[in-house]
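Undergrad: Below are the chains, spelled out letter by letter.
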Amino acid sequence: MSGIDDGDVILELKEITKAYSGIVALKKADLKLRRGAVNVLVGENGAGKSTMMRIIAGVERPTLGEIWLDGERIHLDSPADAVRRGIGIVFQELNLFGNLSVAENIFATREMTRGIRGIDHRAQVEKANEFLNRLEAGISAETLAEDLPIGQQQLVEIARAVSLDTRILIMDEPTSALSAAEVDVLFRVITDLKARGVAIVYISHRLEELMRIGDYITVLKDGQITGHAMVKDIDTRWIVRSMIGSDTKDFAKQVDHEPGEEVFRTENICLPRAQGGFAVDHVSIGVRKGEILGIYGLMGAGRSELFECIMGCHEHYTGKIYVEGRELKGRDTTRRIRNGLALIPEDRQREGLVQSMSIADNLTMASLGQFLRAGFHIDVAREAEAIKEAIRNLSIKARNPEFDVTSMSGGNQQKVVIGKALMTGPKVLLMDEPSRGIDVGAKADVFLTMRRLAGEGLAILFSTSDLEEVMALSDRIAVMSNGRLVTVVDRRHATDEMIVSASAEGHKTKRMHA
Amino acid sequence: MTTATQTAAAGSFSSGSALLTLMKLRTFIALFAVIIFFSIFAPNFLSTANMILVTKHATQNAFLAIGMTFVIITGGIDLSVGSIVGLCGMIAGGLIMYGVALPLGYTMYFNVIEVAIIVAVVGILIGAINGLLITRLNVAPFIATLGTLYVARGMALLYSDGQTLPNLSGREDLGNQGFSYLGSGTILGLPVSVWILVAVALGAAYFARFVPLGRHIFAVGGNERASRMSGIRVNRVKMFVYMFSGFCAAIVGLVISSELMASHPATGTNLELNAIAAAVLGGTSMSGGRGTIGGTIIGAFVIGILSGGLVMMGVSSFWQMVIKGLVIIVAVVVDQAQRRLQQRVTLMQMAKAG
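The listed protein sequences correspond, in order, to chains P and C. Numbering of the first sequence is given in our numbering, commencing with residue 1 and proceeding in unit increments. Numbering of the second sequence is given in our numbering, commencing with residue 1001 and proceeding in unit increments.
These are calculated hints, taken from the structure and not from any lab test. No residue lacks a Cβ here, since even glycine has one placed at the ideal position from N, Cα and C. Hints may be right or wrong, so weigh each one.
Stretch-level coverage of chain C by chain P, calculated; a stretch enters the list once three of its residues show a Cβ under 8 angstroms from a Cβ in chain P [unchecked claim]: (1) 1202-1216; (2) 1220-1226; (3) 1229-1243; (4) 1335-1349.
Could you build all of it, start to finish, from the sequences and the hints given here?
TA: Structure representation (structure tokens):
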């Protein structure tokens, strides 16, 4: 990659390492941002892109490493610090104040005032409308932010970032909620900003977009930079190769066994969305004993919501759920677990672990009932035995089960969550993005475990947005899109193109309606 | 600048962990510090009579603090315990002096054990009301228990129109004598209330470690969402802790009115604050998930000894309040510092290893 035109570097990250409790998100990553160019950043989920941007935006501080701006070493202690230095960001998650108007959102923290007469609302609205018109957003600056659909909220975010008059503008998946026409407008704005010398950082999963708008491209994988080039020199194959690497993904050596009879079935699961429509749209699906069913879908396809319905986390879903032919009556999670269902949630930190407890306590918290004597007394010896066994079976690297669960790496934390679910003795295991945010080695361990469990007769449903993962692991593949179950195919008949096009199905029909 | 802090941090790994151990033992250190301090500066502090007096006082705080510890571990707070103490004391007194007037002009009296049971049930019921408000009606614990604080205190005052019930020795013909035993009786030289405390504390410690519901208290406080996803019945756990807290308050109500052989409706005012202070001093985290019964008991004794010792030294009660407040603030500051230090040490290790 020596041929890269080195351009005009405005910001440079040098050997940045960022550790969270449980995971090292960035490992000695270097990054150069160039003035008047679109600097594209790509990588799989959990590769560390967002972490890197949060460091540049002053939201997070690096554990180790240096930040250089205009050839000068700087420290960004807060988002306000970053804004002062001309760094603006459009976050992936929307960060609008729903209870304030669009204009108030755009000028939050730097309100236009008239001395002691307070905020000049009229001027703010005028100015805000100017920015919105440039984005051809068709939004009145006086509307409340929460009354806007997601796509328009995203445009407001972008308008706010543009209005900051920044030298560096970070856009973290700005198009994820935009229609094709809105994307075109956004790209015109980006070109305009580029011409004015703004360094743009553009993060997206949509490769064709990157090829269209990008000038420089940096690929992140597992917290490390694996590729850096000028976009005009490369093709999408190069990106995919750098993103995935050649060393991985041979995890799922087939364990040959025939799946048994159906143990689990859902009928017409429906979960209405607050804004109308369905988050889960009449999903009927069955899994057989010893079978791994992979549910593929993009973000927001309704996979997590489906799992949550199955586990009884949503009170207002409709539809029927059967385990071994019996319909489940109780609608709360406790009874679902007793009926033989178990879920590995997608968000390990928020829904999987109790951070204040030890590894051992996390493992047994869902299954204490098994160790009882006289109906109430926990037999600690038996409990310790079971913990030891779980740690051995899942090859959890725990020096001492009494240590805090947060002292382990993300992969081992994930294994603890899996161990906790397995200790309840499930017949059906639901795994929501089981490989999210864990390193390659742990990934392979998790996948091998899934294979082994299926071999032992467990029915496994897992969701993923990683195409290769779903192809390698599943016996059958289901594709969800916009809440609907688009198709279910046998892995032997599935092709990449088939699955990718199915995953966009739900959105196509939606756009035709709109 | 960062390089400097880096090398400093690397060098201070070992001293950092020494500091950590010291910080973890802070409640013990505080206990010994106050004992040593007062045995030097307060005359007669170590006399048996005084020790028993201080112990009795600390015991009352300790009961409330045990209940409070469980509540705080779930991430809640119970402000109503002081008022429950007052109301329960009044009910105990009323039952002994007047009994319960049934229709048809007949009055029913209870013996002392029955009185104790009824009072305990009242305490548990008020706790259950707190629990229902918090779990079913989604009222924030602070507000729900603030409400019951006022309601219970008001009911205590209404019970006797604000008057003290002066003589609880009971009447022989009614068979309700012997109420004084709880507050002033002794077994093997120690007050009965201390023995009860030992029993409740051991029971609570056992419960926290060996009973599923007890373990679940920690899970709920550490991560309520994850607990729910793991099938823990979060509402049931919360109901339990508030009911247990009410039960502990009822015991204190009985002990205080038995000690004085009189019930005053203002009894127990501000005791909830002492209980919170004791729990916090004992290492219970206000954000939930962490805490121990042992630590809380030590915390209650630190506060008890501190107030007793200061009285003996002749420090004015105004200064006592200032000192108590400072001790609590320092305890929490040290607690936070410990947590930050611990986090930094682990993160640094991970960054180096990863």
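Undergrad: Counting residues of the segment 1229-1243 of chain C that have a beta-carbon nearer than 8 angstroms to any beta-carbon of chain P, does the count reach 3?
TA: With 5 residues close enough to chain P, the hint holds.
Undergrad: Using a Cβ cutoff of 8 angstroms, are there at least 3 residues of the segment 1335-1349 of chain C near chain P, or does the coverage claim fail?
TA: holds (count 4)
Undergrad: With a Cβ-Cβ cutoff of 8 angstroms, does the segment 1202-1216 of chain C contain at least three residues near chain P?
TA: holds (count 6)
Undergrad: For the segment 1220-1226 of chain C, do three or more residues have a beta carbon lying closer than 8 angstroms to a beta carbon of chain P?
TA: holds (count 5)
The structure shown violates none of the earlier numbered hints.
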